[in-house]
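**Student:** Here is how the chains run, residue by residue.
Number of protein chains: 4
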Amino acid sequence: MLVVMQHGATQAQIDAVCSAITEMGYTPVPMPGEQRTAIGLVGNDREVDGTGIGGMAGVAQVIYVTKPFKQVSREWKAESTTVTIGPGVTFGRDLVVIAGPCSVESEQQILTAARAVRAAGASALRGGAYKPRSSPYSFQGLGADGLKLLALARRETGLPIVTEAMDDEGAQRVAEVADMIQVGARNMQNYSLLRTLGRLGKPVLLKRGMAATITDLLLSAEYILAEGNPHVVLCERGVRGFDAATRNLFDLTAVPLIKGMSHLPVVADPSHGTGVRSLVAPMARAAVAAGADGLIIEVHPTPERALSDGAQSLFPEQFSALMAELRKVAEALGRAVTPSPGTAPVDLG
Amino acid sequence: MLVVMQHGATQAQIDAVCSAITEMGYTPVPMPGEQRTAIGLVGNDREVDGTGIGGMAGVAQVIYVTKPFKQVSREWKAESTTVTIGPGVTFGRDLVVIAGPCSVESEQQILTAARAVRAAGASALRGGAYKPRSSPYSFQGLGADGLKLLALARRETGLPIVTEAMDDEGAQRVAEVADMIQVGARNMQNYSLLRTLGRLGKPVLLKRGMAATITDLLLSAEYILAEGNPHVVLCERGVRGFDAATRNLFDLTAVPLIKGMSHLPVVADPSHGTGVRSLVAPMARAAVAAGADGLIIEVHPTPERALSDGAQSLFPEQFSALMAELRKVAEALGRAVTPSPGTAPVDLG
Amino acid sequence: MLVVMQHGATQAQIDAVCSAITEMGYTPVPMPGEQRTAIGLVGNDREVDGTGIGGMAGVAQVIYVTKPFKQVSREWKAESTTVTIGPGVTFGRDLVVIAGPCSVESEQQILTAARAVRAAGASALRGGAYKPRSSPYSFQGLGADGLKLLALARRETGLPIVTEAMDDEGAQRVAEVADMIQVGARNMQNYSLLRTLGRLGKPVLLKRGMAATITDLLLSAEYILAEGNPHVVLCERGVRGFDAATRNLFDLTAVPLIKGMSHLPVVADPSHGTGVRSLVAPMARAAVAAGADGLIIEVHPTPERALSDGAQSLFPEQFSALMAELRKVAEALGRAVTPSPGTAPVDLG
Amino acid sequence: MLVVMQHGATQAQIDAVCSAITEMGYTPVPMPGEQRTAIGLVGNDREVDGTGIGGMAGVAQVIYVTKPFKQVSREWKAESTTVTIGPGVTFGRDLVVIAGPCSVESEQQILTAARAVRAAGASALRGGAYKPRSSPYSFQGLGADGLKLLALARRETGLPIVTEAMDDEGAQRVAEVADMIQVGARNMQNYSLLRTLGRLGKPVLLKRGMAATITDLLLSAEYILAEGNPHVVLCERGVRGFDAATRNLFDLTAVPLIKGMSHLPVVADPSHGTGVRSLVAPMARAAVAAGADGLIIEVHPTPERALSDGAQSLFPEQFSALMAELRKVAEALGRAVTPSPGTAPVDLG
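Chains as they are written, first to last, in the numbering used here: chain A, 455 to 803; chain B, 455 to 803; chain C, 455 to 803; chain D, 455 to 803.
Hints in this document: simulated from the structure, not taken from any laboratory. Some hints could be false.
For identical chains, the list gives no copy identity; a pair is met inside one copy or between any two copies.
As the list claims (entries may be wrong) - SDA-like mimics (lysine to any residue), calculated; alpha carbons at most 25 Å apart, straight line:
no. : residue 1 : residue 2
1   : Lys-521   : Ile-507
2   : Lys-656   : Ala-511
3   : Lys-531   : Gly-504
4   : Lys-602   : Ala-532
5   : Lys-656   : Arg-627
6   : Lys-521   : Glu-758
7   : Lys-656   : Gly-624
8   : Lys-602   : Arg-490
Can you make the complete structure from the sequences, with help from the hints?
**Tutor:** As structure tokens, then:
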């Protein structure tokens with residue numbers, strides 16, 4: 455059950471509702487938002503009767519939520535959410551394409567990559583400064599130096615920056631530079647990190663874990679919203695599959711499935727979803743046709759020399775050709791690709 | 455290793471090659487084709503030296519195949535295969551849409567469905583007469599009566615018929631009526647059935663098993679080609695997944711993956727792939743964008759009263775709207791939807 | 455719903471019940487058994503009211519079955535079933551160990567193997583005459599000649615024979631020789647084969663499919679029982695997993711899970727379950743500790759020269775050592791290993 | 455490649471080797487240990503030639519490691535590792551049974567549970583103070599108060615404490631109380647947490663992630679060892695499966711598989727592995743028979759009132775009966791169950 459307070463409800467009114475919930479044997483979880491405060495009930499609240507609370511001062515509405523997740527659900531908020539990063543790139547309207555290398559490797563590499571994806575029409579730049587790697591002996595990213603290079607690339611190209619944070623302390627550092635903080639698949643259920651990102655308030659790109667159900671993913675997003683940060687974009691990036699022919703099993707059905715269950719924007723990552731360069735373009739087109747709000751695609755100036763994920767990174771010219779295809783598919787379905795910030799819309803005539 | 459005989463090679467030349475293979479310690483498997491006979495080697499032939507055989511009379515070429523499958527591979531045949539069913543519906547060029555109910559239930563039901571999908575522009579009619587059902591107590595299909603009703607629906611609408619065979623004996627009966635014989639996911643590794651279909655020579659729609667790798671699927675197709683029947687279309691219909699939110703995990707990446715590995719046409723089944731009506735249209739669009747050669751979609755005049763698969767069957771008007779979208783997506787990618795047989799191409803202007 | 459007729463109910467009484475079921479809008483499925491005839495209802499019978507039928511002449515009992523499977527369930531039959539093959543080897547009491555090579559390869563090979571597993575104390579001999587192989591170019595078994603060799607091995611050793619049938623026609627041939635007919639994982643949902651085996655009446659070893667849930671497996675067994683053959687033993691042999699370090703993911707929990715849901719005996723196949731020789735012994739011990747009614751283990755006189763499954767086949771001396779361990783584990787849990795037919799019980803003192 | 459320095463090698467010698475590695479184009483990672491310092495090479499070192507380094511002063515040995523993990527491998531250390539916690543409970547010799555409730559809920563609950571599992575012969579007490587829960591609205595554990603109650607239970611019973619840490623900050627707090635710090639499945643690839651635990655030096659119980667291969671698990675353990683902490687015990691607790699009949703798919707084969715690949719002790723968690731109370735005992739027995747070095751089992755004084763995981767928690771009397779069975783299975787295989795600290799060995803006669 456969620457108790458939605460009126461806009462302008464006083465703290466005393468909120469406290470009174472919390473006390474009433476406590477007396478009913480549940481634990482109240484106040485969730486202040488910009489517009490209104492909501493109060494959730496912890497515990498098995500399936501049979502709770504909220505009639506009495508519905509009549510209390512300052513209460514706008516009592517919502518019985520049938521799903522385990524609450525604030526992320528379409529039941530809680532029917533209209534689709536938009537999330538804006540940097541200078542006017544908005545998820546949830548036209549298609550947003552985030553592109554760039556897996557890792558920031560050097561100034562030349564990231565600037566070359568940023569200019570190339572900007573030229574092809576990307577909306578934002580990706581690039582990892584902190585890299586979660588299965589092996590402690592693999593390249594772990596440039597760290598703080600990588601963040602500086604990303605900031606430089608943004609100054610050069612105007613592209614907002616999407617980059618990953620791996621822990622609470624790193625999240626603080628990443629938040630100082632990034633326009634959007636990525637949570638990787640391995641950290642989808644790192645609840646400490648999720649709470650920290652909820653408190654930081656910056657837009658979050660939350661990737662689905664390798665064995666996570668859609669309900670698991672939405673519950674992880676709920677952790678961020680429950681801390682007061684509604685700026686969350688979800689990302690399908692493939693789950694663990696049984697066929698070694700691809701790196702992951704790209705579960706594209708997750709896109710329309712999530713959009714029916716949640717109001718949050720959803721993007722797809724065909725690079726990790728497939729792990730094979732030749733499969734990225736067809737699955738990127740498919741993601742747009744399935745209704746994704748955006749894409750995140752690995753592009754590297756010289757994939758054969760990449761320090762990570764070279765096998766799934768597009769060459770810049772492949773990315774450019776793909777962007778042309780994506781515009782056509784989007785247009786066929788009545789949508790457009792968000793132009794790079796600071797550019798006029800691409801003329802498709 | 456495959457030994458390809460020249461067009462016009464004599465039986466004596468073929469026998470001589472087979473003898474030579476036997477003397478080398480392998481078992482020859484002659485595979486007569488319309489154009490030429492190929493002779494495969496059974497057994498672990500990785501280190502075989504075919505130099506001697508390459509010089510024998512009537513031998514056109516010796517091919518070292520690095521994949522476990524041979525005749526279905528792009529190594530064996532680089533150009534894409536086309537498969538034609540009924541009066542001019544061809545897989546492997548424009549998009550072919552097979553539509554209709556899960557099961558044939560009655561004359562009225564199948565005729566209503568056939569006319570509806572014909573009106574919306576489907577290329578072929580699906581409908582099960584023999585149904586593989588998990589429970590022996592579920593509706594098992596109308597059997598021979600169902601086949602008669604399918605033949606009637608073809609006479610009424612001109613649509614070629616795609617229907618499933620479950621065993622050797624049934625395959626004979628189905629082959630008398632159907633334009634294309636479907637092998638269901640549960641029977642993908644029913645090698646006896648595959649061999650029978652290879653000998654019958656009718657076009658086959660081979661669905662991927664629930665736990666089959668792409669290599670498994672291609673090897674099953676190889677069984678059919680090895681018997682001399684090259685008219686095989688592959689179908690991705692979802693694999694077993696861990697999230698109960700969908701019936702299966704629709705592995706759409708299989709489409710471009712197979713097209714890179716094999717010359718056979720590939721279609722996708724978003725109805726079984728998702729199991730949820732609202733997800734069929736987005737994933738059908740996605741399949742086209744991913745490069746599928748066709749779709750197989752469940753449409754029922756009254757899904758709420760269907761004897762099987764009602765929850766994933768489209769209403770006729772939903773199917774009609776979907777066909778309009780599919781034409782747009784196909785056009786955006788330089789393709790078209792194959793018109794219903796006997797009709798002029800749809801005017802998109 | 456299942457209507458159980460009294461022992462000695464007349465055909466007229468059975469017909470009357472069937473008519474009554476038909477009038478209620480359901481389809482009756484009479485299932486004659488040795489002791490009594492049961493009549494199942496096809497269709498969604500969740501809300502059916504069987505009060506009227508319960509009062510008809512010849513009706514012993516009306517059972518409301520809450521699971522999709524019926525005759526295989528513990529609800530239908532609370533006491534555990536025993537299945538006896540050949541000269542007194544019974545599944546469902548002491549541990550039954552079936553052992554032998556993957557395929558029958560030659561007279562010498564199968565006789566050597568049979569004598570070796572007999573010497574180590576196996577209860578039955580396995581060996582494939584008809585082999586379902588992923589590739590049409592792999593060794594497919596010796597066929598009818600293989601069956602003759604199995605019969606010879608039985609004469610030499612007294613061990614009952616367990617061997618696989620792949621299709622309806624083959625099932626007839628196998629039934630003439632085998633003491634127990636195996637259905638492989640790939641054919642678990644080959645319903646035509648299951649029905650044929652149901653009619654043949656010979657004991658069946660039904661292996662779980664690679665993506666089959668336990669409910670799927672029990673429903674496949676139900677096909678056999680529904681045809682009047684109650685002599686079914688289930689087999690866990692691993693499902694498709696994501697870690698290539700093992701051939702399959704051996705789901706040993708299936709053993710106690712099935713034993714709670716069904717009265718049928720359950721055996722485990724650690725050879726296919728793991729695919730790795732060094733893992734067979736520990737997982738065989740584990741299966742016994744988990745409560746399996748038996749094991750099926752691949753043993754080959756010379757695994758390094760086996761035509762199939764060599765990597766997972768035990769050497770005879772490894773099998774002999776394993777048998778000693780299995781006796782100890784069984785004894786620790788109050789059970790014993792069924793001795794080879796014709797031998798006195800092994801003295802453990 | 456790993457360069458193992460001699461016992462007593464000087465810092466100057468170590469620095470010289472590091473310089474040589476740097477000059478070869480690789481990054482050296484010195485890993486000081488109690489006995490000797492090892493120096494690993496970061497990067498793709500498959501073709502490196504270590505001959506020159508092998509001749510440098512202070513170098514004992516150059517090891518070419520063929521696996522992606524190094525220090526955890528049997529190649530690196532052939533003899534099995536033992537890990538001792540608290541007053542003399544050692545993993546890697548006799549069977550260690552950790553038991554207790556999922557969460558610490560109250561003083562009475564944890565003391566009752568601790569006394570019950572102590573009475574039944576458990577070697578250590580489990581209980582969560584910090585709980586990773588899928589939903590932010592579920593009970594999250596008592597936190598610091600829970601740690602105090604665990605310390606109290608240890609004083610009362612003498613049982614060492616195993617409890618989970620979820621983040622870097624929490625790890626510090628947990629390390630002050632716990633005898634062994636658990637890393638949950640969701641955090642198996644939380645590399646920041648793993649590094650922190652590597653530096654803290656306390657024994658770690660590392661649970662396998664839900665989609666982790668064995669190689670992934672060993673690489674995560676490598677993170678801890680690479681920081682200088684060799685006291686790691688691995689835990690199989692089930693992976694994500696497709697059959698909702700169990701909570702997870704308990705991959706017991708992982709136990710003998712890991713023991714072949716790594717020298718670290720391995721325990722199994724049949725409570726999470728199955729999620730069903732009636733399956734815990736058979737799978738616990740199976741784990742012992744498969745060669746596990748220990749078990750971790752959920753036991754609750756009143757499972758029906760548990761705040762988490764009640765459905766999989768044993769009643770104390772069930773646990774006591776299970777312990778008796780485990781002693782018999784262990785004895786049959788030549789092992790014993792480690793007695794509770796401070797007690798005489800259980801007399802099995």
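**Student:** Evaluate Lys-531 and Gly-504 at a C-alpha cut-off of 25 Å and name the case that applies: within, between, both or neither.
**Tutor:** within (19 Å within a copy, 46 Å between copies)
**Student:** As a check of your reading, is Lys-602 near Ala-532 (CA-CA no more than 25 Å) within one copy, between copies, both or neither?
**Tutor:** neither (39 Å within a copy, 45 Å between copies)
**Student:** Given identical chains, is Lys-656 near Gly-624, meaning Cα to Cα at most 25 Å, within a copy, between copies, both, or neither?
**Tutor:** Classified as both; 14 Å inside a copy, 24 Å across copies.
**Student:** Within, between, both or neither: how does the pair Lys-521, Glu-758 come out at a Cα-Cα threshold of 25 Å?
**Tutor:** between (46 Å within a copy, 23 Å between copies)
**Student:** Cα distance capped at 25 Å. Does Lys-602 pair with Arg-490 within a copy, between copies, both, or neither?
**Tutor:** The answer is neither: 37 Å in one copy and 38 Å across copies each exceed 25 Å.
**Student:** Pop the pair Lys-656 and Ala-511 into one bin, within, between, both or neither, using alpha-carbon distances up to 25 Å.
**Tutor:** Result: close neither inside a copy nor across copies, 33 Å intra and 52 Å inter.
**Student:** Please sort Lys-656 with Arg-627 into within, between, both or neither, judging by C-alpha distance up to 25 Å.
**Tutor:** Classified as within; 12 Å inside a copy, 28 Å across copies.
**Student:** Is it within, between, both, or neither for Lys-521 and Ile-507, if the alpha carbons may be no more than 25 Å apart?
**Tutor:** Only inside one copy: Lys-521 and Ile-507 sit 21 Å apart there, 41 Å across copies, limit 25 Å.
Going through the hint list in order, the structure does not satisfy hints 2, 4 and 8.
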